[in-house]
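Trainee: Residue strings, one per chain:
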Amino acid sequence: MDLATVAGIVLCSILILASILMGGSPIIFVNIPSMLIVVGGTIGATLIRNPLAEVIGTAKIVAKAFTIKLIEPAPLIARIVGFSRKARKEGMLALENVDCGYDFLQKAISLAVDGLEQEEIKSILSNDLQGMVSRHKRGRKILEGMGAAAPAFGMIGTLIGLVQMLASMDDPSTIGPSMAVALLTTLYGALIANIICLPLADKLKVRSREEVMSMSICLEGILCLSQGDNPNSIDQKLKAFLSPTARAQKVEEKRLAAEPEEQAA
Amino acid sequence: MDLATVAGIVLCSILILASILMGGSPIIFVNIPSMLIVVGGTIGATLIRNPLAEVIGTAKIVAKAFTIKLIEPAPLIARIVGFSRKARKEGMLALENVDCGYDFLQKAISLAVDGLEQEEIKSILSNDLQGMVSRHKRGRKILEGMGAAAPAFGMIGTLIGLVQMLASMDDPSTIGPSMAVALLTTLYGALIANIICLPLADKLKVRSREEVMSMSICLEGILCLSQGDNPNSIDQKLKAFLSPTARAQKVEEKRLAAEPEEQAA
Amino acid sequence: MDLATVAGIVLCSILILASILMGGSPIIFVNIPSMLIVVGGTIGATLIRNPLAEVIGTAKIVAKAFTIKLIEPAPLIARIVGFSRKARKEGMLALENVDCGYDFLQKAISLAVDGLEQEEIKSILSNDLQGMVSRHKRGRKILEGMGAAAPAFGMIGTLIGLVQMLASMDDPSTIGPSMAVALLTTLYGALIANIICLPLADKLKVRSREEVMSMSICLEGILCLSQGDNPNSIDQKLKAFLSPTARAQKVEEKRLAAEPEEQAA
Amino acid sequence: MDLATVAGIVLCSILILASILMGGSPIIFVNIPSMLIVVGGTIGATLIRNPLAEVIGTAKIVAKAFTIKLIEPAPLIARIVGFSRKARKEGMLALENVDCGYDFLQKAISLAVDGLEQEEIKSILSNDLQGMVSRHKRGRKILEGMGAAAPAFGMIGTLIGLVQMLASMDDPSTIGPSMAVALLTTLYGALIANIICLPLADKLKVRSREEVMSMSICLEGILCLSQGDNPNSIDQKLKAFLSPTARAQKVEEKRLAAEPEEQAA
Amino acid sequence: MDLATVAGIVLCSILILASILMGGSPIIFVNIPSMLIVVGGTIGATLIRNPLAEVIGTAKIVAKAFTIKLIEPAPLIARIVGFSRKARKEGMLALENVDCGYDFLQKAISLAVDGLEQEEIKSILSNDLQGMVSRHKRGRKILEGMGAAAPAFGMIGTLIGLVQMLASMDDPSTIGPSMAVALLTTLYGALIANIICLPLADKLKVRSREEVMSMSICLEGILCLSQGDNPNSIDQKLKAFLSPTARAQKVEEKRLAAEPEEQAA
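Chains as they are written, first to last, in my numbering: chain A, 1 to 265; chain B, 1 to 265; chain C, 1 to 265; chain D, 1 to 265; chain E, 1 to 265.
No wet-lab data here; the hints were simulated from the structure. Take the hints with a grain of salt, since some may be wrong.
Pairs count within a copy or across copies, as identical chains cannot be separated in the list.
[What the hints assert, rightly or not] Heads up, simulated DMTMM-like pairs for lysine to aspartate or glutamate below, C-alpha to C-alpha not over 20 angstroms straight-line:
#	residue 1	residue 2
1	K137	E119
2	K107	E119
3	K205	E144
4	K89	E210
A quick note: this is a predicted structure, and the numbers were derived from the prediction, not measured.
Using the sequences provided together with the hints, build the complete structure.
Mentor: Have a look at this one:
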């Protein structure tokens, strides 16, 4: 996922830079006051719309969503099944120092190792899952709000530039360059909205959907594991989260991914 | 919350003022008739859309929402738990002259002290909560309506200016300045909608969500308190309203906040 | 409600007239063919969209909604409670010639006096209430449709004017005035939509909400009255329809409003 | 209904023709290539969006919806009550050769005469009703899609014209007429969308609502008739479909309409 | 379905090509950098919005949806009824080497032949059906996202061109051609959105609806077949999926289509 985002941003940037460079000096596209009014105005409107804590939180969520690598569902299932085999053979405490590489799974296992009730484990983990979903949802709302504010401030900047240009139209030779500068804010607003805010808001939605699946697999798997279910039946149950295509893939992957666990066990 | 709103409005205003001042005399951006048509037209359309009482009510709600400091959920829980300890030791009447610094909690406590039935307390407080939610919702609708009316009247003003300019195009040197004035109404409309109406409508929604949480905590807490629940179990129950992050914070805060109550008890 | 609508329309009209007059002769803003195309086109599109009977019905609903004074909930409750006292003392027939000043209440009372079954009264009155709601809803849809059609026909008129101007651009001195005329239809469309159709559609919604409350109070009150409930318990029940603020006001108003009824009784 | 549609289209057409004729020669508004690109593009996009069979079906539905006269609910009820009287006196078979002038009612009666079970009659007729509703709904979607495609192709045509004009701006005297032609496609797109597609889509919705009522009356009425209900109780039951206003009208109409049936009986 | 899509795209393309050719040299409409910025920008934004796997998947879904011929419901029912006759006479194993020409039906039959439980067959096939629906839905979302991104990047390209043109307005004779090139990106964006992305998104929806029907017929039919239902009762049950019109057609078609199966049996 991360890769597509980076590739998309790089592709868009290269294309826009290229089309700017082919038209002559790129210096005419740089105007600090115009940038300030669009970027600053968008940030200002975002601050009015949302509590400060949520705005900062969103920045973190976005950063996290695009840097932390999401664990794939198929190997995740294999790993949980491996843990359940280990727990069956050596007891729950054998999972105490296991390293999962996935925070949520780690927490789920430590809850199970601590011997909490099924109901308690479920309630704590569901709460975390809900929290993640609602954090992502608010982050998406904030990004969408920024995607609406940026073109609006772009238009406001262009209007300010046009009024200034029209009010002092003494020298016709300055009309062109003044209008070019006035249009820059509209361009900045369109770029911010269409390359950054709106696409990231959409991707956060996809990311949220994927993370819900991973978390649900962990939650369901650890509940089964902690009540001592048979590893094969856990495997069956967790399969239901996979799409038909992924299920076919899984068969192979599971063997590859499960083996190290088996050996470890 | 209040701070972010103020910061956002100040940031937007400074940026727009700066970009106006850098372009020359700010006097060309001041046109009283243009302001009258946008501000007056927006107010006029708002009056047609809504009953007068609701329009005035919204102004009050907005003012209140951005001046009264909202009580944080974590210290609020600590305070209610403190009250429940006090009530257990010294009886309900000990809460009679307690000062909560939060109107809704104060009312809830006085209802409990007066010895009303659980059902009655719940019905009265839920009604207040519902009333707050629906008042905020109407306020948001009115602000959103204003955010739609302002650009519309901006466009109407610009059309009027354009028609006047085009109808008497004798002296070409006046075209620029006339058109600058005509565009001002569009600018005013965009500023009113994007810096004031639409962001405030969004923030009212956030504010409403936060106030629902505070009120729900008070309602749930006082119901438990009035039926003599154990302070620790009240603490447990009210925790469920907090997000995981806030819950972690709470542990520390609770001690700090709860102590004065404890001592008072 | 009526007042705010009138005030809003007057305020908007004055501001627009003022801004037109300040710019010179208002004669340039009057163009009968432009008006015909916008007003006529909007009416035409409304006729295509809706059955003739509903279009005429909407005109009546709008006229009625803004002329008939709506009875306030608090005095209405007081009046119904007064009637219930009278009915208790002197029997149902004493209400036969009572004058309520509110058609729906009058009908409700005459049904109760005629001795209809509770179920029948409820069914007849609910049906009337539903009919009012659906009539208002259709009226709103028609007004919203007009609010979308007016700017569209404004744009069509402007396009026709522009094509005519551009096709015969022999004399440059006529370009300005021709374009001014072309823009008039856009202006008319914006005015019709933003000052008349869209705000009235919104107000019809508010009006509908208020009338539902008045009718529900009458319906509930007369049902209680006809089954001989205690006046105080009727008062309690009907209170539930009021918002907390209105409930506080009511206490005073009730005494003032109820007294004449009491004396009459 | 039919009349309002025709009146609306005629009104719009006359106004637009008049405003064209007043501005000079109407020949400048006729441009076959522009028409082809808007009309053809709209048809093309409609074919891509929808299966061919549905596009042709919609044309038929629209044609049918505006030519076949819808039977009014009040006389329809009177007729069904008349049939039930006839069936009671002379038996179901007496309805065998009755002529209803309404296909759906005719089918319903023939099912009842054939002696089908209540459940079967209900299932067959409900299925027809559902089919009508979903056909109308798809027709509406297609018309709305055309209403969105027409302005888009209008804009595409104008862009093509503008690019051609701008690329060969040698003779300034041709700029005006070229731009006039370029704008024609935008005008055509706006006319097709706002006078034909969008209003017809809305009217199809109204038509659907009315036909659902007529069909429901027939369905309910024939079910009662076929199980031998009392004509008066059938009349009572079917009344529930009418609005209060229509119900008042019905009283008179019923007598007028029912009499011939009575005599025939 | 396939045909209408192809016909629509061909019709649109011819009309646009014709209108370009009539206006002079088509070379002015070809500008590689403009194409790169619109097509590349749209692809870039799509990559940011969606995981790479889904973007590639959508391309496959669209390709598949428009090349694989969908089986018509009526002959499909006939075929399933034919299979059920065969299974009754010769036993389930007789269906082992049957060739259906429809993957989903083939899989359903092989599951039935393998003797799986009703519940298992239902669960496996429903899962496939759900997977198809959600794949189509995501495909539609991606196409709609592209339909929104293309005009946005068209506008961005035009803004870049305008800024470049305005900043160096030395030679007035270059203004026209520069602006023509600037407008090209807007034109490309409008073409991509209105001829390709948005209509295909709509058609994918229709396709999804049709495929749900075919799959549901197979699922229901094979479940009945595998529990040994009477072929005539299967025919009755599957009829319920057809619309009234299709049902009438079916009667004839069934005989024609069913006969080969009968003979084979």
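Trainee: Regarding K137 and E119, is the shortest C-alpha distance of 20 angstroms or less found within a copy, between copies, in both, or in neither?
Mentor: Classified as neither: same-chain Cα gap 26 angstroms, cross-chain 35 angstroms, threshold 20 angstroms.
Trainee: As a check of your reading, is K205 near E144 (CA-CA no more than 20 angstroms) within one copy, between copies, both or neither?
Mentor: both (11 angstroms within a copy, 16 angstroms between copies)
Trainee: Is it within, between, both or neither when you check K89 against E210 at 20 angstroms Cα-Cα?
Mentor: Neither: 32 angstroms inside a copy, 49 angstroms across copies.
Trainee: Could you place K107 and E119 in one of the four classes (within, between, both, neither) given a Cα distance threshold of 20 angstroms?
Mentor: Within. Shortest intra-copy distance 15 angstroms satisfies the 20 angstroms Cα cut-off; inter-copy 36 angstroms does not.
Violated hints, in rising order: 1 and 4; the structure is consistent with all others.
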